[in-house]
Amino acid sequence: MAEQSRNAWISKDDPKLVSARQKDMFEDILEDRRHSSDLRYSLKTRDVTTFKLNKPRVPLQIKEHVMKSDRVNFAIDQTCLDTKLPREEIVAEAMSILDEMAHNLRTGAVRGFAFFLIKVMKSLYRRIYVNVDGIQKIRGLIKEYPILLMPSHRSYMDFLLMSYVFYNYDLPLPVIAAAMDFMGMKFFGWLLRNSGAFYIRRSFGEDHLYWAIFTEYVQCQICNGDNPIEFYVEGTRSRTAKSYTPKFGMLSAALEPYFKSHIPDIIVVPVSISYDRILEESLYAYELLGVPKPKESTSGLLKARKILEENFGNIHIVFGQPISIRKYSEGLVDRSLHNLAPRYIASLTNQEQDLIKKLGHHMVLTQQKHMVVSPWSLMASVLMQSQGGVSLRQLGKEVEWVKRQASNLGAYCDWPASESAESVLRANLKLHENIVRVSQEDVVELVRVAPPAHAKATDAMMITAGQHLMLSLYRNHILHVFVRPAMIAISVNTCNEERLSIDDLYTKYTFLENLLCKDFVFIPGNTKADFELALLTLTHTCGVVMENNEVVIAKSTNKHTTFYSHMFEPFLLGYWILCQYLLSNHPNVAGKPLAKTQKNLVKEAQMLTARLLQEGVVKHYEMLSLDMMNNGLHALYSMGGVSKERRDGVVYMYPNMRQLSTITDYLAKFVDVPPLPSVSINLHSKTITVNAKL
Amino acid sequence: MASKKTNGPAADDKRKMVLCQKIQTNTCASKNDSGALDPEPPTIPKRRQELLKWNGWGYKDSKFFVNKDGHVEFTGERYRISGSTMPGMREWMIKTIGVSLDHKAPAQPEVCAANIPLPVKNDGFLSDLRKTSISHSDDCQDRLFRAHGHTLHEIFLLREGKFERIPDIVVWPVCHDEVVKLVQLACKHNVVIIPFGGGTSVSNALECPVEEKRMIVSLDTSQMNRILWVDEKNMTMRAECGIIGQDLERKLAERGLCTGHEPDSMEFSSLGGWVATRASGMKKNIYGNIEDLLVHVKMVTPRGVMEKNCQVPRMSSGLDIHHFVLGSEGTLGVVSEVTMKVRPLPQCKKYGSIVFPNFECGVNCMREVAKQRCAPASIRLMDNEQFQFGHALKVESNSILANFMDGLKKLYITKLKGFDPMKMAVATLLFEGTKEEVAALEKRVYEIAAQFRGIPGGADNGERGYMLTFVIAYIRDIGFDYYVVAESFETSVPWDRCLDLCQNVKERLYRECKDNGIQYPPYVTCRVTQTYDAGACIYFYFAFNYRGISNPVGVYEHIEACAREEILANGGSISHHHGIGKIRKRWLRKTVGDIGLGAMQAVKQYIDPNNIFGNNNLMIGHNLSDGATPVQEPSNVMLPSKL
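So the sequences go chain by chain: A and B.
Those letters in the first sequence? Residues 1 to 694, by UniProt numbering.
Those letters in the second sequence? Residues 1 to 643, by UniProt numbering.
Here chain A stands alone, though its shape is the one from the complex (with noise of 0.2 Å):
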């Protein structure tokens, strides 16, 4: 073939072939080291490029620098004068505060690491992709500024793997914020330690002391700019492939010094990983269920040994673009005032934190919108809505369909264009065996996913729900891209009127928006702008009909609105049945609604849930997801239906029954309530009627 060339110029005559290596603006950084020694590799000579200011240490003299500076002795002295306290007992407190939190990254661990790490990815994964465009961005930074990296956190791999990135460009390796947990485990935890993560506590209350060694300890690092330092602005590991909303301490600790002006700039990089299968999936469903995730230790890491035999296929990592946050804040926050007080004493303005606020939301839709979606993820929304089965063949074809809307919205689709449609539902569906599988009349079912070891005999429904909400991870991962259409859609399609004007459009999105802005990420403030753009977005691809501008609604139902709709009817079910849980909490004795912890609201409503789905009269198992009534409740809380209140620290919640019921007969028009076994409530004159007891 290669002599009948009709091209001297191309050398393999197959339009078909398409390298694997380099996909779109992708590289794979597993090819070349399936071709050549991991110990070479794990030796080989760093010319690593650091940051002009930087002056080098060990992490012994970061150490002694955060032990000298003039905010831990100021929180010293301050912790002296509150506890009474002598002053060599708090010192000694802040040491070992400080050797908890400390990393101690050094090249030989992180050679180790490294050699350990590209076993691991080895035969793990098929292939991971790294967009080469973002880490060229990032090396010709890192010598000029500072360097914050906020990657997506879905699975325990993303900080291996940003550490492993890192080390295959030559570049300095991160120090990451990691938490506790991983500190308990024997001889991972101090490889890690080793490899630059450091440690911190989840939430440290009032701890003045703790706090100032930590801001200290974050700041002198980026100051000297001694590494990139990474850490997730989500807070936590996302258990639900959804983003959660942005959390603010560590990114107000770490945009400090650019407020106070201890360095010109400081550069921030979103960075989105997309797995195409995410190892803690079944440990994820089962924890949202209410499964107390195992602790972590080293021989659970062992155990989980076997899970190097599976296949978790490819890994994409897209660097965004850098935001330098000099510019980002121009206009927008006045330095000086900072002038009038010494820069160690924690201070933050007003528009310093809003600011921050915009970044952290506008980081995480970064992430969101550089998500690769796998075929997979394509899949799994079409099956969430089939939940009886469906042929192969409807399958690719609602796939397809849902690829088309998903492109159109923006998504970025990894389908590859050698293969046939078949091909590529079959290869998914192999990878993903545990989940689904394809009978003999080529009909896609679930499988049953036996629960992790450490679940101990949970019920049938238990394990119908887990597998459902293993299956709903991969959906949850393209919903970001929906949301804002669906809840238009959702409006519309609910619709009992000929005509809906775009006011009372607005007002139906904004309540919605209110509703699930826990579940998903809206900058705060732009609410307004968001809609016009979903609008704008329906009409001019999904068939909604704006005549002056009012939505003609028959026109407007058709199968995009319907699709969207029912994407989302889950959460919204799932809703109403919390609000109908809280409304049934009825003000019996006291004459007020007996306050619960959150934790057991969550529960009760998931209990409520259960019995639902066992009487048949919902059948959306994900609802018995722990973190979805968490995050109804809190929005109801920010709505007004819910109050809070601190009882011996901890906080107690309770109903607010009035603002409640509005808001539930509200969200009722939204989405198909069943009738449920009914009794009777009065709430001033005014009965409601809910389900009865538990």
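Worth double-checking, as some hints may not be accurate.
Claimed, not checked - When the alpha-carbon atoms are kept at most 20 Å apart in a straight line, the in silico SDA-like pairs for lysine to any residue are as follows:
(1) A/LYS55 x B/LYS423
(2) A/LYS55 x B/LYS590
(3) A/LYS52 x B/PHE419
(4) A/LYS327 x B/GLN503
(5) B/LYS233 x B/ALA113
(6) A/LYS599 x A/VAL617
(7) A/LYS52 x B/ASN384
(8) A/LYS52 x B/LYS590
(9) A/LYS68 x B/GLU360
(10) A/LYS68 x B/TRP495
(11) B/LYS371 x A/ASN585
(12) A/LYS403 x A/HIS480
(13) A/LYS52 x B/ILE413
(14) B/LYS590 x A/ALA341
(15) B/LYS394 x B/ILE413
(16) B/LYS514 x A/PRO322
(17) A/LYS528 x A/LEU500
(18) A/LYS55 x B/PHE419
(19) B/LYS514 x A/TYR328
(20) A/LYS327 x B/ASN358
(21) A/LYS52 x A/GLN136
(22) B/LYS131 x B/ASP177
In short, the hints are calculated from the structure, not lab data.
Add chain B to chain A, keeping to what the hints say.
Using the frame of chain A, we list chain B on its own:
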């Protein structure tokens, strides 16, 4: 609008006059009396352009040029470097800012008469003026010379363009009473007065407001240059406002005295100008800044003469009217006479220098010196870029021994001490006092320096450092000849932010140059030039090669404004001693707040309701209720202690 009569001769008689018995401060007659201290002709002639460059800095006979061997040489006989070549200079210019000797940008030969605006004439004022004996001129070149100070913008206009508005007439009063007369006439006829001292302003303070339709009178104080009396009992002296720094010090030195006030411009700047701009002198550590030196000041305002009735070291008398005068920048009136402290001339004067491995060590050392309050007359820390520049300015030495010693010194510092020549910073020192005082202080300062890894670097390096500050203004002119625009700006900052400010401002300058499409690497350097208990004064030099840029001055001004924003964001001030003028007006509100600005305006409103002193500096023209967002309350909130 009657001018208040001030304390007459009778009051003066009661004081012990050491040197001049028959001085009468308020009568012009004394001007021509032989008994005065000043028999010689004025150092600065009325026609300044005959002595000084009309479109550059300093004396006409002194300038840098590239000689036939392609080396940089300094002309004239005035200065120590006059007639010398600086072999390292050409290399430095080429390497550091990308100057090419083949690309010259010569200045226009003159601003021709056609490009000089016609004078606005107030006939009533002119006829009244002619009735007095006050010297005046409406000559084009006389007017042009008083239309500007020495900002980059102004000098660039002189070299390449024209002024839209210049003074319509120049007047030369010779004494306080003539000033009073002039101000009265101005008020009567509603004409504007802009006081003009040495003309060394670097804040656009002398620029005539373009929109000013009234006649503008430039009040040149150069002929009011007498020392009126010296009082050794109280160690004070009184002089007229127009006396320039070098004359003042020279004449006092004849009596074994000095004021010790030495701003870098002291060759040309005037006493009245120092007071009106809140000047600062190099040796303030011993002698104090102008506000510390000032004992009494007389200011002629449209309302009359403002002054205190006694010359006491300190008093509690409500708001201090001296502080209305200091820094008023010609917006309230003309300073006519000043009483200042004097000191005996120091017995011993000694230069010194300290070499530090890096700038940070140097700053820490300066901070410690300030903390221990043992700063010599002057202590300045140059960063590495400035140190290298100073090196390039070394004059050619014919002495083999000197060259040999230089080599040895270099070897010692770089090899034995391990200092990186690309990171080193140098502090220059000037000690003054008795021999014993100097010796003791020297010992103490070098001991402190040693704690910060500083090693003595010799007197030569120190002296050259100080020379640089006088020479730098001349250097800008040769820069212009080769497409380089350059300027300096300064600020004051608390100690804890000193290093960060230097770093961030430099960084900002580099970045803005890049963003503004400047093709060549800019030259950015700073030095810590003054130390105080609570902070320091920082001085930046910034230059870039503008080949390929169509609007170098606009770009320069934009970048300097960015740098000032950065300074303010870093806890620095709007200015340490250059003042506000017009160039920094936009940050005044932010600096003093709405109330502060309103109070300034109220003072202006009372003293000068018709805006006779309408040079448009400081707060004038700011509208309090106008648009600008009020300064936000510093609503700092504690950080949440939760992740």
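Evaluated hints:
no.: 1; hint: A/LYS55 x B/LYS423; verdict: 13 Å, holds
no.: 2; hint: A/LYS55 x B/LYS590; verdict: 35 Å, violated
no.: 3; hint: A/LYS52 x B/PHE419; verdict: 19 Å, holds
no.: 4; hint: A/LYS327 x B/GLN503; verdict: 18 Å, holds
no.: 5; hint: B/LYS233 x B/ALA113; verdict: 54 Å, violated
no.: 6; hint: A/LYS599 x A/VAL617; verdict: 25 Å, violated
no.: 7; hint: A/LYS52 x B/ASN384; verdict: 16 Å, holds
no.: 8; hint: A/LYS52 x B/LYS590; verdict: 33 Å, violated
no.: 9; hint: A/LYS68 x B/GLU360; verdict: 18 Å, holds
no.: 10; hint: A/LYS68 x B/TRP495; verdict: 18 Å, holds
no.: 11; hint: B/LYS371 x A/ASN585; verdict: 68 Å, violated
no.: 12; hint: A/LYS403 x A/HIS480; verdict: 14 Å, holds
no.: 13; hint: A/LYS52 x B/ILE413; verdict: 24 Å, violated
no.: 14; hint: B/LYS590 x A/ALA341; verdict: 17 Å, holds
no.: 15; hint: B/LYS394 x B/ILE413; verdict: 18 Å, holds
no.: 16; hint: B/LYS514 x A/PRO322; verdict: 18 Å, holds
no.: 17; hint: A/LYS528 x A/LEU500; verdict: 17 Å, holds
no.: 18; hint: A/LYS55 x B/PHE419; verdict: 16 Å, holds
no.: 19; hint: B/LYS514 x A/TYR328; verdict: 18 Å, holds
no.: 20; hint: A/LYS327 x B/ASN358; verdict: 30 Å, violated
no.: 21; hint: A/LYS52 x A/GLN136; verdict: 17 Å, holds
no.: 22; hint: B/LYS131 x B/ASP177; verdict: 15 Å, holds
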